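Okay, here's what each chain looks like letter by letter:
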Amino acid sequence: GAVVSQHPSWVICKSGTSVKIECRSLDFQATTMFWYRQFPKQSLMLMATSNEGSKATYEQGVEKDKFLINHASLTLSTLTVTSAHPEDSSFYICSAPFVRLAGGPTYEQYFGPGTRLTVT
Amino acid sequence: GQQVMQIPQYQHVQEGEDFTTYCNSSTTLSNIQWYKQRPGGHPVFLIQLVKSGEVKKQKRLTFQFGEAKKNSSLHITATQTTDVGTYFCAGSKGGKLIFGQGTELSVKP
Numbered sequence: 001g002a003v004v005s006q007h008p009s010w011v012i013c014k015s016g017t018s019v020k021i022e023c024r025s026l027d028f029q030a031t032t033m034f035w036y037r038q039f040p041k042q043s044l045m046l047m048a049t050s051n052e053g054s055k056a057t058y059e060q061g062v063e064k065d066k067f068l069i070n071h072a073s074l075t076l077s078t079l080t081v082t083s084a085h086p087e088d089s090s091f092y093i094c095s096a097p098f099v100r101l102a103g104g105p106t107y108e109q110y111f112g113p114g115t116r117l118t119v120t
Numbered sequence: 121g122q123q124v125m126q127i128p129q130y131q132h133v134q135e136g137e138d139f140t141t142y143c144n145s146s147t148t149l150s151n152i153q154w155y156k157q158r159p160g161g162h163p164v165f166l167i168q169l170v171k172s173g174e175v176k177k178q179k180r181l182t183f184q185f186g187e188a189k190k191n192s193s194l195h196i197t198a199t200q201t202t203d204v205g206t207y208f209c210a211g212s213k214g215g216k217l218i219f220g221q222g223t224e225l226s227v228k229p
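As you go down the protein sequences, you meet chains G and F in turn. Note that our numbering has the first sequence beginning at 1, numbered continuously upward. Note that our numbering has the second sequence beginning at 121, numbered continuously upward.
In case anyone wonders, no lab produced these hints; they're calculated from the structure. Keep in mind that the hints are not guaranteed to be accurate.
Subject to a maximum C-alpha distance of 30 Å in a straight line, what follows is the list of computed DSSO-like cross-link-like pairs (lysine-lysine) [what the hints assert, rightly or not]:
no. : chain 1 : residue 1 : chain 2 : residue 2
1   : G       : 55        : G       : 14
2   : F       : 177       : G       : 20
3   : F       : 177       : G       : 41
4   : G       : 20        : F       : 179
5   : F       : 179       : G       : 66
Note that the coordinates shown come from a computational prediction; the quantities given were computed from them, not determined experimentally.
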């Protein structure tokens, strides 16, 4: 089945530093990946759409200069939180769409295990 | 912008009782998907509904998509402790998923 990995699974960093999070599709190619942020007991908020070979598309209210996204290959997208602050502490999750053809096309999203970022 | 509302936010049931969560979109959806997130875990795809009025079943779970393709529901019959988690609906439009707030289900044995 489709598997998406994320690295690191958790990270603690000091305020003002930058943190890079990797998202990989392990057994399928993904021209598009999505980055979400989830605060405790809350829903997933779409931050941006990562597009292989082109610029990411950011959702309204998400600072593109703060959350740098690079989709370097068909299996890798990275999110860099620049100049992190305590309010950036959150659970960051990526997903990649996978089309399952059996029984009629189903467009599933496979999520990575998430990265818990704590900024001190 | 597009919103997907989900109720209730929390549901506590006794094992064996039924459970239902409802999802409503402000706009017509291409399709709707349901995900389950266990505590400390990540969302796991459950099902996708595409057709107006569609009903799908997975063992004790029944999923419905409204005729207007703006609302959906998930019903669990005779809940078990393994059903614990947060259930999210997600509306698909323009290739993006917009998640509802989720319903956190707890099951008392």
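Cross-check of the supplied hints:
1. G:55 x G:14: holds (28 Å)
2. F:177 x G:20: It is violated: about 40 Å lies between the C-alpha atoms, which goes past 30 Å.
3. F:177 x G:41: holds (28 Å)
4. G:20 x F:179: Not satisfied, since the Cα-Cα distance of roughly 41 Å exceeds 30 Å.
5. F:179 x G:66: Roughly 45 Å separates the two Cα atoms, so the pair is violated.
In summary, the structure is inconsistent with hints 2, 4 and 5 from the numbered list given earlier, while agreeing with the others.
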